[in-house]
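**Q** Chain by chain, the residues:
There are 2 protein chains.
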Amino acid sequence: MQNYNLNERIPAKGYAVAHKDDSFKPFSFTRHPVGENDILIEIAYAGICHSDIHSARSEWREGIYPMVPGHEIAGRVVAIGSKVSKFKVGDLAGVGCMVNSCGECEACKKSQEQFCQRGQTVFTYDCKDCFHGDEPTYGGYSNNIVVSEKFAIKVPDGAPLEKVAPLLCAGITTYSPLKFSKIKTGSKVGVAGFGGLGMMAVKYAIKMGAEVSVFARNENKKVDAKTMGVKNFYTTLNGVDECFDLIISTIPTPYDPMDYIQLLKYGGELAIVGLPPRDVSPDINITSLVFNAGKKVYGSLIGGIKETQEMLDFSLKHEIYPETEIIRADQINEAYDKLTSGRAKFRYVIDMNTL
Amino acid sequence: MQNYNLNERIPAKGYAVAHKDDSFKPFSFTRHPVGENDILIEIAYAGICHSDIHSARSEWREGIYPMVPGHEIAGRVVAIGSKVSKFKVGDLAGVGCMVNSCGECEACKKSQEQFCQRGQTVFTYDCKDCFHGDEPTYGGYSNNIVVSEKFAIKVPDGAPLEKVAPLLCAGITTYSPLKFSKIKTGSKVGVAGFGGLGMMAVKYAIKMGAEVSVFARNENKKVDAKTMGVKNFYTTLNGVDECFDLIISTIPTPYDPMDYIQLLKYGGELAIVGLPPRDVSPDINITSLVFNAGKKVYGSLIGGIKETQEMLDFSLKHEIYPETEIIRADQINEAYDKLTSGRAKFRYVIDMNTL
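Chains A and B, in that order, are what the protein sequence lines are. Using the working numbering, read the first sequence as starting at 1 and increasing by one per residue. Using the working numbering, read the second sequence as starting at 1001 and increasing by one per residue.
The hints are simulated quantities; they were obtained by calculation from the structure and are not laboratory data. Keep in mind that a hint or two might mislead.
To list a few chain A residues with every Cβ distance to chain B over 12 Å, as calculated [as the list claims (entries may be wrong)]:
| # | residue |
| --- | --- |
| 1 | N3 |
| 2 | I64 |
| 3 | T324 |
Restraint ranges, calculated between C-beta atoms of paired labels, are given here [what the hints assert, rightly or not]:
| # | chain 1 | residue 1 | chain 2 | residue 2 | range |
| --- | --- | --- | --- | --- | --- |
| 4 | A | E106 | B | T1235 | 22 to 30 Å |
| 5 | B | T1235 | A | E104 | 30 to 38 Å |
| 6 | B | R1217 | A | E334 | 29 to 37 Å |
| 7 | A | E106 | B | D1021 | 50 to 58 Å |
| 8 | A | K25 | B | T1235 | 50 to 58 Å |
| 9 | A | R9 | B | F1291 | 29 to 37 Å |
| 10 | B | K1222 | A | E106 | 25 to 33 Å |
| 11 | A | D21 | B | D1021 | 52 to 60 Å |
| 12 | B | D1351 | A | N285 | 33 to 41 Å |
Using 30 Å as the maximum straight-line C-alpha spacing, the simulated DSSO-like pairs for lysine-lysine come out as follows [claimed, not checked]:
| # | chain 1 | residue 1 | chain 2 | residue 2 |
| --- | --- | --- | --- | --- |
| 13 | B | K1306 | B | K1317 |
| 14 | A | K110 | B | K1109 |
| 15 | A | K182 | B | K1306 |
| 16 | B | K1182 | A | K110 |
| 17 | A | K265 | B | K1109 |
| 18 | B | K1306 | B | K1086 |
Glycine included, C-beta positions come from ideal geometry on N, C-alpha and C.
Assemble the whole structure, with the sequences as input and the hints as a guide.
**A** Printed below as a string of structure tokens:
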């Protein structure tokens, strides 16, 4: 363990892109000192999320550079501020998509910090931290992170950290809409898109007692799906003659949401968690919605800190993990290429010991 | 009362357009004989609904001509089939947007006949009646109608028929989403668009105990709204600092649904019941939905027969009626002009004694 002076800026190193067309290169920087409510985590693993790619390449909006992505972070607490009570040095901890928020508005009080009504949600990277002089935030492709204890997730000793890391985005993103739509034993759930997010949605839905069907582009993963307990595996929407309480769309490419809305029961819901780049993001026409009345559509965006903890506890208890492939820090560029070209089979997780 | 031979086609007269650019002219036709489960109603009043105009002018899809619109019908039963049990001759009765459906599918069994899963919902006009050799249906701008008793609404003696008629579309269209979204005492409801539908939505929501705000284009009806018990009356979306459990959009012209979605609470719902013509009907982008996560959108399309009866009973009990203006049958063209140009203040109801 390194020695840190908690009252000074914390030296850190990681991998960054300098602009949207850049490749990842080693990058040294500092993080703000460990405040009285902060903890310092030495990062063991950081997952690579598809949204890291969209952000690094400024596909949703213009990014803040240099950018160190990464919001699927797991590691060990190596220092704590004077008022920290939730963690002690040596504990395992995780960090997901957020590192701070106002804590005082109605949304924050309900632990929906991602919707902070003062607009003070501080995202883990590619964001200005209004609580620290608007300094840019740097994510998990690095050796450490300083975070408010409220925004760190407790991870029990012995948990597989390389699996915990990707749960903090891929897990909560799919767990949250299942809870929001009150899925229970006997619910009929459809999962559209069967990549990393889709697989997690399937695992949670099955564990919650739902009858699950998958909509995928091809039959590659049909056997995997059936092994997981999926009832129907569709590669076309023609001839689907079941209706769903909930369909979760994890599709990251252009498609017509009405195709799925039409498959809902009266009162059923389409939850959208996958996001194509904005310039090809599909629309839903309100006339079509009215002629498919009584079917609800909503977007879902990660989940709050309380629910993230609940998701992690549920995942560990039921051993629900993503399929992961561990890579070295110098393989990030290669991983991005594979993810972009659809050649990635599993969730890439960077082993930070290789930094 | 006229004498009818129930086993032969029933002579009828009304007002029709011969094509989408035509004006209304007197029209004689016949209706199918009164079957064993049918009733024959002599129509006293028929409301003019904005969707009559869209249909007559083929603005949603190519219409079936000659067309006799009208799906807000109230009158008196003058003959019944041999197996009719719900009505006797002399009863008052109403007919809304539908006159038949399969009765056997899951949706019909739940009295959501407008969503008949066999596609056999027979709409009151501008539709082919698959239960009667695909003959075209003719609506309420006429002196009588033959309808399956299941699709007729019971109206108690003494009810104001000229007010009952428009309830059968404008009433159910606004009552249904309030029930679907489980509005109760203390709910915060916004009503966007303050025409005939909007006013009904406000009246029902207030009677259900909700705190109601209105979004209107101008201040013309602000005093009316305040008299009805509306809390806030907005003519601009700037500076609105309340959040809603439900917003019902009755807006029939182009607008941006996201403006209203942004005003919802987490878990709040936007119900769309107003429909601009299809070529200017707005879209909702799914990326915007995700970044306004946890806010649901759905369309609502009239309501089932059981709920229509419930709405009518509720309306009569609480004396919730639309503002109406009675016109003669030869004033339909004039009424359409006023409705289209926004000069109509109230719901037009045709007095069929003037035919």
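**Q** Against each hint, give a clear statement of whether it holds in the structure.
**A** Hint-by-hint comparison with the structure:
Residue placement check: A:N3 keeps its beta carbon more than 12 Å from all beta carbons of chain B (closest about 42 Å). Non-interface status of A:I64 relative to chain B is upheld: no Cβ of that chain comes within 12 Å, the nearest being about 18 Å off. Residue placement check: A:T324 keeps its beta carbon more than 12 Å from all beta carbons of chain B (closest about 25 Å). Between A:E106 and B:T1235 the CB atoms are about 27 Å apart, so this pair conforms to the stated range of 22 to 30 Å.
Between B:T1235 and A:E104 the beta carbons are some 32 Å apart, a value that agrees with the proposed interval 30 to 38 Å. Against the hinted window of 29 to 37 Å, the Cβ-Cβ separation of B:R1217 and A:E334 comes to about 57 Å, which falls outside the hint. Here the CB-CB span from A:E106 to B:D1021 is close to 54 Å, well matched to the stated 50 to 58 Å. About 55 Å separates the C-beta atoms of A:K25 and B:T1235, a value consistent with the hinted range of 50 to 58 Å.
Taken as a hint, the range 29 to 37 Å holds for the pair A:R9 and B:F1291, whose Cβ atoms sit roughly 32 Å apart. Between B:K1222 and A:E106 the beta carbon distance is about 29 Å. The supplied range of 25 to 33 Å therefore holds. Evaluation of the 52 to 60 Å hint for A:D21 and B:D1021 yields a pass: the beta carbon distance comes to about 56 Å. Range check, B:D1351 to A:N285: about 38 Å between beta-carbon atoms, so the 33 to 41 Å window is met.
Restraint check for B:K1306 and B:K1317: satisfied, since their Cα atoms lie roughly 17 Å apart, inside the 30 Å limit. A hinted pair counts as satisfied when its Cα atoms are at most 30 Å apart, and A:K110 with B:K1109 does not qualify at roughly 40 Å. Restraint check: the Cα-Cα separation between A:K182 and B:K1306 comes to about 27 Å, which is no more than 30 Å; the hinted pair holds. For the suggested pair B:K1182 and A:K110, the alpha carbons sit about 22 Å apart, so the restraint of at most 30 Å is met.
With a CA separation close to 14 Å, the supplied pair A:K265 and B:K1109 stays within the 30 Å bound. Under the criterion of a C-alpha separation no larger than 30 Å, the hint pairing B:K1306 with B:K1086 is consistent with the structure, at around 13 Å.
Violated hints, in rising order: 6, 14; the structure is consistent with all others.
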